[in-house]
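Residue numbers (the UniProt record's numbering), protein chains in the order written: chain B, 1 to 236; chain W, 1 to 286.
Calculated directly from the structure, the hints in this document are not laboratory data. Every value quoted in this text rests on a predicted model; they were computed, and no experiment measured them. Check the hints yourself; a few may be wrong.
[Claimed, not checked] Simulated pairs of lysine to aspartate or glutamate, EDC-like, Cα-Cα distance not exceeding 20 Å:
hint	chain 1	residue 1	chain 2	residue 2
1	B	Lys94	B	Asp45
2	B	Lys231	W	Asp67
3	B	Lys197	B	Asp173
4	B	Lys58	B	Glu224
5	B	Lys68	B	Asp206
6	B	Lys232	W	Asp9
7	B	Lys41	W	Asp9
8	B	Lys231	W	Glu47
9	B	Lys67	B	Asp206
10	B	Lys62	B	Asp206
11	W	Lys120	W	Glu47
12	W	Lys252	W	Glu180
[Unchecked claim] Chain B regions said to be covered by chain W (calculated; three or more residues, Cβ under 8 Å):
hint	segment
13	80 to 86
14	170 to 176
Idealized CB from N, CA, C, for every residue including glycine.
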Amino acid sequence: MSEELRVSSIETRGVPGKRRYAMVIDTRRCIGCMACQVACKAEYDTPLGVNRTWVPYKVTGKYPNVKKHFLPRLCNHCDDPPCVRNCPVEATFKVDDGGFVLQRYERCIGCRSCMAACPYNARFMLPSHRTYTPITNVVDKCTFCFHRVTQNLVPACVQTCVGRARVFGDLNDPNSEVSYLVAHNPTQVLRPEQGTKPHVFYIGADRNHTEYGRDVYRRIEVMESERAAWKKHFDL
Amino acid sequence: MGEYLVFHDVAWHATYAIYFFVIGIVAGLSFLSYASWHLPALRPLREKSAYVSFALLVVGGLLLIADLSQPMRFLNMLNPAYLNFSSPLAWGALNLVAYGIASVLYLLMMLWKKDEKNGKMLALVTALLALGLPIYTGFDLTVHQHRPVWNTPVIPLLFVALAFSTGSAVGALMSANNAEAQQVLRQFMLWSAGAVVVILIAIMGTTSYGGSAEELTFMLMTSGTMGLLFVGVGFLAGSLAPVVMLFAPTGKSISVILVSALLILLGSAAVRYVILMAPQQVQTLF
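Work the whole structure out from these sequences, hints included.
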């Protein structure tokens, strides 16, 4: 006897006739070259200090037996996104066919409630001055490269990944590579307890890499110069 | 070892804490103005409270608008085609506007027309809408399910209690020479500050039993600079000390009431600042 998974009205995973894009990130293949971050910056002219995708790392073990773990990060394009619920003016919304969570820049008032609502820190405020685009002082985030995907291209970060650590596709299509990877590998999502149903799946990321770091409380001295430079840049 | 060399900014900065503080006083003073229709001792505070509360509402509104990165787009919040009713901010915007209209009508009815009957009714409407202000600001935080401390259902209650205590404290300072009003306000401050103490203990007790994010937030709130602000200024000096001072046999003296009022205001500002900022810290390195 089988029981169908009950889904809320906003969810599109498993809904017939609709696409549900997702990304699978195989952390075993990530070498931390940051090419994805650079490709994303080039694609969108994302300003200094903020990122649509970023690759943080953790070092585990004790010298000389140490290992560096990378955890590429981006907007999780949740099936039940708290940022969409929280935006007072519907500036952020979910595309029904595809599941992209996008931002209407012309409507955003800059209250940052979506930033507060996102459990993944995927949203950021654009600075007031930019070189090539007038889009400033509004919240921005990864779009899963909506403009590329709608032209049958994969996102810039996926295109550039040298180790093929990032794979993108339609989860509702049983023949897609992401469906295969999710079906045949143990995968993890970030903060599953929040009920956001993220659509970025990780292979090989355990809780040591996905949990909050202790450095929040015990700040490491060597990082303070970096932090000070960052704060100075944003005038904080 | 150094983890995560990517930093993130907190979503809401200290301006929001100042706004919470101001809007709490706005609500508290509206309660006093309404209470003055039932408690003769508070009668001299009726107009004063309404005036100050309206002036602070303007200050609070300007703070809120200035904090937006697109200030002129605050009008989007009032556009029915844009409003998203699943967001507490949308309800808050409507509540603020409704409260502003009710306050103006109340002031007009009370001062120009001297209409006692409608004045009393409008005082009730204004006070009920004022009750929505600390409740909505509390929900602004509570709905964020991944934030420790914010995501507790008692935050709106804490903000209501803080509104009562700070409103009464400002009322006490405004009626420094009125012994009769001071005694009523002493009772208000005593019980509302007592409620704040109980709620803060409940919040911290629950937080200390949580997962890693809660544990880290608890550590941040009870140690270092934030520990001094939260435990020292917010809890001990700004909440517990006024309760003890007002409850003591000397608590009826005007000087004790005024000192307690100042401590309550100081403590309330510190509590709001730490409750806003501390739960955002754990995410800055995630």
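(message) If you test the structure against every hint from before, which numbers come out violated?
(response) Of the numbered hints given earlier, those the structure breaks are 1, 8, 14, listed in rising order.
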